[in-house]
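Quick mapping for you: the protein sequence lines, in order, are chains A and B.
For what it's worth, our numbering labels the leading residue of the first sequence as 3, then goes sequentially.
For what it's worth, our numbering labels the leading residue of the second sequence as 6, then goes sequentially.
In short, the hints are calculated from the structure, not lab data.
In silico lysine-lysine, DSSO-like type, Cα no more than 30 Å apart, as pairs:
{"hint": "1", "chain 1": "B", "residue 1": "K49", "chain 2": "A", "residue 2": "K60"}
{"hint": "2", "chain 1": "B", "residue 1": "K18", "chain 2": "A", "residue 2": "K60"}
{"hint": "3", "chain 1": "B", "residue 1": "K9", "chain 2": "A", "residue 2": "K40"}
{"hint": "4", "chain 1": "B", "residue 1": "K248", "chain 2": "B", "residue 2": "K80"}
{"hint": "5", "chain 1": "A", "residue 1": "K65", "chain 2": "B", "residue 2": "K49"}
{"hint": "6", "chain 1": "B", "residue 1": "K329", "chain 2": "A", "residue 2": "K4"}
{"hint": "7", "chain 1": "A", "residue 1": "K40", "chain 2": "B", "residue 2": "K329"}
{"hint": "8", "chain 1": "B", "residue 1": "K329", "chain 2": "A", "residue 2": "K7"}
{"hint": "9", "chain 1": "A", "residue 1": "K47", "chain 2": "B", "residue 2": "K18"}
{"hint": "10", "chain 1": "B", "residue 1": "K246", "chain 2": "B", "residue 2": "K205"}
{"hint": "11", "chain 1": "B", "residue 1": "K205", "chain 2": "B", "residue 2": "K248"}
{"hint": "12", "chain 1": "A", "residue 1": "K65", "chain 2": "B", "residue 2": "K9"}
{"hint": "13", "chain 1": "A", "residue 1": "K65", "chain 2": "B", "residue 2": "K329"}
{"hint": "14", "chain 1": "B", "residue 1": "K80", "chain 2": "B", "residue 2": "K205"}
{"hint": "15", "chain 1": "B", "residue 1": "K18", "chain 2": "A", "residue 2": "K7"}
{"hint": "16", "chain 1": "B", "residue 1": "K436", "chain 2": "B", "residue 2": "K49"}
{"hint": "17", "chain 1": "B", "residue 1": "K116", "chain 2": "B", "residue 2": "K211"}
{"hint": "18", "chain 1": "B", "residue 1": "K80", "chain 2": "B", "residue 2": "K246"}
{"hint": "19", "chain 1": "B", "residue 1": "K248", "chain 2": "B", "residue 2": "K125"}
{"hint": "20", "chain 1": "B", "residue 1": "K49", "chain 2": "B", "residue 2": "K8"}
{"hint": "21", "chain 1": "B", "residue 1": "K211", "chain 2": "B", "residue 2": "K80"}
{"hint": "22", "chain 1": "A", "residue 1": "K40", "chain 2": "A", "residue 2": "K4"}
{"hint": "23", "chain 1": "B", "residue 1": "K329", "chain 2": "A", "residue 2": "K60"}
{"hint": "24", "chain 1": "A", "residue 1": "K4", "chain 2": "B", "residue 2": "K8"}
{"hint": "25", "chain 1": "B", "residue 1": "K329", "chain 2": "A", "residue 2": "K47"}
{"hint": "26", "chain 1": "A", "residue 1": "K4", "chain 2": "B", "residue 2": "K9"}
{"hint": "27", "chain 1": "A", "residue 1": "K4", "chain 2": "B", "residue 2": "K18"}
{"hint": "28", "chain 1": "B", "residue 1": "K49", "chain 2": "B", "residue 2": "K329"}
{"hint": "29", "chain 1": "B", "residue 1": "K269", "chain 2": "B", "residue 2": "K329"}
{"hint": "30", "chain 1": "A", "residue 1": "K60", "chain 2": "B", "residue 2": "K9"}
{"hint": "31", "chain 1": "A", "residue 1": "K7", "chain 2": "A", "residue 2": "K65"}
{"hint": "32", "chain 1": "B", "residue 1": "K211", "chain 2": "B", "residue 2": "K125"}
{"hint": "33", "chain 1": "B", "residue 1": "K69", "chain 2": "B", "residue 2": "K116"}
{"hint": "34", "chain 1": "B", "residue 1": "K18", "chain 2": "A", "residue 2": "K40"}
{"hint": "35", "chain 1": "B", "residue 1": "K246", "chain 2": "B", "residue 2": "K211"}
{"hint": "36", "chain 1": "A", "residue 1": "K47", "chain 2": "B", "residue 2": "K8"}
Computed far set for chain A versus chain B, every beta-carbon distance over 10 Å:
{"hint": "37", "residue": "K4"}
{"hint": "38", "residue": "N6"}
{"hint": "39", "residue": "D8"}
{"hint": "40", "residue": "A10"}
Ideal placement from N, C-alpha and C gives every residue a C-beta, glycine not left out.
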Amino acid sequence: MKINKDLAISENGFLFNPATGESFTANPMAFEIIRMLKEGQSGEKIVEWVSRHYLVEKSTVEKDLHDFFGLLRLHQLSVEND
Amino acid sequence: MEKKPYERPHLTKLETSMPGKFGMRREQPPTTHIDGVAVEHLAKTYGSPLFVLSENTIRSSYRKALNAFTTRYPKVQFAWSYKTNYLAAVCNVFHQEGAWAEVVSGFEYQKAVDNGVDPKQIIFNGPAKTREELETATQNGSLIHIDHLDELYLLMEIAANSEHRPRVAIRVNMDTGIYPMWDRFGFNYEDGQAWDALNKIMHSGKLDLMGLHTHIGTFILSAGAYGVAAAKLAELARLLKQKFNHTLRYIDVGGGFASKNTLKGSYLPGSDTNPSISEYAEAISSALINSHFAPGELPLLILETGRALIEEAGYAITTVLAHKRLVSGRRATIIDLGVNLLFTSFWYQHPVTVAQEFSQYREDTTLYGPLCMNIDCIRESVNLPLLQTGHRLVIHLTGAYNLTQWMQFIHMRPAVVMIDTKGNVHVVREKEGIQNVISVEKLPDHLHISG
Ligand SMILES: Cc1ncc(COP(=O)(O)O)c(C=O)c1O
Chain A
3 MKINKDLAIS ENGFLFNPAT GESFTANPMA FEIIRMLKEG QSGEKIVEWV
53 SRHYLVEKST VEKDLHDFFG LLRLHQLSVE ND
Chain B
6 MEKKPYERPH LTKLETSMPG KFGMRREQPP TTHIDGVAVE HLAKTYGSPL
56 FVLSENTIRS SYRKALNAFT TRYPKVQFAW SYKTNYLAAV CNVFHQEGAW
106 AEVVSGFEYQ KAVDNGVDPK QIIFNGPAKT REELETATQN GSLIHIDHLD
156 ELYLLMEIAA NSEHRPRVAI RVNMDTGIYP MWDRFGFNYE DGQAWDALNK
206 IMHSGKLDLM GLHTHIGTFI LSAGAYGVAA AKLAELARLL KQKFNHTLRY
256 IDVGGGFASK NTLKGSYLPG SDTNPSISEY AEAISSALIN SHFAPGELPL
306 LILETGRALI EEAGYAITTV LAHKRLVSGR RATIIDLGVN LLFTSFWYQH
356 PVTVAQEFSQ YREDTTLYGP LCMNIDCIRE SVNLPLLQTG HRLVIHLTGA
406 YNLTQWMQFI HMRPAVVMID TKGNVHVVRE KEGIQNVISV EKLPDHLHIS
456 G
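Next up, chain B with everything else stripped away, as it sits in the complex (with noise of 0.2 Å):
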């Protein structure tokens, strides 16, 4: 006798009110396969959980935001963001695409540096720069953009003791409207401390003062505010111009668009409500095209847009471990997967899909990570399939941050695999063992304990 597919046993109670203002939920099709490689054979091949990345999505993600700039201002350039993801793989993605190097730490630089970036195409961010640090960038020619007068008493120290002038611009926090404003990185527009800082930096002689910096915030839901922004800056521009009759080469708005994640406590999909990268583009270029710059004159315009650029390429993979009833009534579904990892699930409710087909039966579940931590939660509630322990489940838009904010606690860190634009699967990262942690260890003689 043939044996039939099984499915477990299950109720759902039948809610008499009507569709919720915001209409009925959305069944997501499973993820069987991410770019034609079967999500079973990866987990297998690579383990569980598995992080994996789309070279083809990097790639399109790339060339659909630049085509968004390009198509509206005449000169742009991207510097990728590496603490957003700065695995190799992934920055060289971006580099190959044409993207320069952000970076805010020494450790950073020396990555973009072996990465293979062109110094001189290497942004410098960061409120923490070391004097070694700051020598060798001017060495190198790269941008300093300098967060804090201290940093500028010392650029122009070494500035002085160096036959290299330091290529410099200054970082600009200002009100755009948003809240909350972020004004502990570089200098306020609105009090005059950055036509200050601009005026040391030309009165110095010492510097070549090359564009100015903006950074207003992160998940900026709100484009007008970029707007502002490069209004303000061209207006910085307009005033170095007429005082000091210099040209700057460029302005950098930063980074912080939104991407297509959801934050948590939204009623709609970010997919749906976020701004789209050409509603960013257009208040942006629309700004500097409209102030004071002539045609020709116009600066560089430089992004440093991070999550919305990776995002969407990030997948996690991870398996199905348990599954226990609350007090509630409500299902909990225990994963191989947690917080320590998917540090971006503090804040958005990540999409989830199942690895294969199921029948058209669902249930509320909570997701838990494998952490003996009660604030181990990947989703609070989702609706899915009647999972089985050992089904894969397949989390979306991981691909920002997660990959560097990770922490190894509890488990082992997982492998990281790249799927090329053929379809063929690199490994990237591979995954850590008790060697990682044990081999920085060192145990004082008196701590042995002898068998």
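Only chain A is shown next, with the shape it has when bound in the complex (with noise of 0.2 Å):
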């Protein structure tokens, strides 16, 4: 999965997609994936992450981000590659 890199991203959250010309708001958990989808780290590496910092189980995480890529190609945010 990789951001489409066109999209900006503010520190508060806000995203806009100059592609579609649509805004979205990010909730801090989206804000971090989207970070280091951006900085190119791969979807274990980021379950890794989220596990170790957060109260949650991985299998958890791993059902949220498979539902948060399906949002993010919904919307046009990604690229297909991976």
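Two chains, each in its own frame: build the complex with the hints.
Below is the structure:
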């Protein structure tokens, strides 16, 4: 999963997609994940990092990340590779 | 290192449109406790799903309704509509408050007797009373509301062979300006059937005509319709007085007041738009007071209010089982409470709240029940915080009709608890087990599978 490189992200979790003109707000977890994706981190790395820093089962993070990637695709915020 | 609390990642698309003509969506605060008892504790102790009834709310709803009428009309009597919720504990809270019983079958009649209600204070409605049931009700002096001519003739026959005189009223149906008009129960006012039946009763000399009854429908959003109904019944009473010098003891305007629930397809929440009990009370009381009755001769006003008295006292606790994202991108949440238990979700948008604090992030969600059936949808669209598996939800305004119309289907029916006025929790109906289902089944010998 790679984030569309044109996507503008502000520090307070505001997202703007110039390709579609759509804006979004990200909750803090979504913001962290998008930041890591932008850095080129893999899904596995992200799951690892989240479960190390937050009170949550690894399997829950995996399911939620799967769902979140679906949302990114739905809103055309990702570019297909991986 | 201290781990931080987790919330699943979520994006909210910002809509550029202005708030709709009905303004912004209202955020419901979480329901962590019901009458001081923690929702999580209730679910852990009694299982999920779970129906919870608040004795406090039942009593306060009843007193509020009674007060709305007694401040406007001198003689008022409520009769608890058993079909709305006939759990013994619920009925007896109403009976302790002074309500009579309103029943529509031999089974409900027996339940009222078993609950300790004086049979003279049982109103027996319905289109399907048997001869035996009518004989019992006659002997006991219960109030029999006649639905059709066959029943009237049967009662005259029973009266001829009994030392007891049946105490009766007729059910009247009428045009009150609302649609649909219920004309399948009772005798019609406009076409003269009702007056005809009253004449038959008076001429027979075998029945004690005590009152007149109507029930114009359910979830009636027009208080004015009750004014019309009361005025028409008052007119029949006037004709009886004029022709037979007969004084009626009561006028029963039935049930049907809208509750605070929101009907499917409504834009505005029912709690804002539906008439209050006071508006119904005003319409009915003024119609009777402004009719021909002399001040000292006003009949007893009976009300058979069902849903408006009990809906608010009922909660359903349910647990999130799973999530999925539908093809449309919409979030779907699967909960452990289905439409077989929450029958009213077919016509209401029940309010749903979470049972714990969440951040401000929310998502539009469809709530599906656990049945493997496409129709099993509790809310098509509800804005909820970012739920995880295992979180509890509280569904509100569930006290009417669900605990009588629920079905054992695919899963067992859950427990029902009542929280008393001191905050003690009582199981008022036990959780069902497989025995409840198989104990009434019989397997023919030739169908046994020998191991
Ligand atoms: C005869 C009669 N009385 C009272 C009621 C209670 O009606 P509601 O719950 O709409 O107040 C009903 C319900 O259908 C009824 O049939």
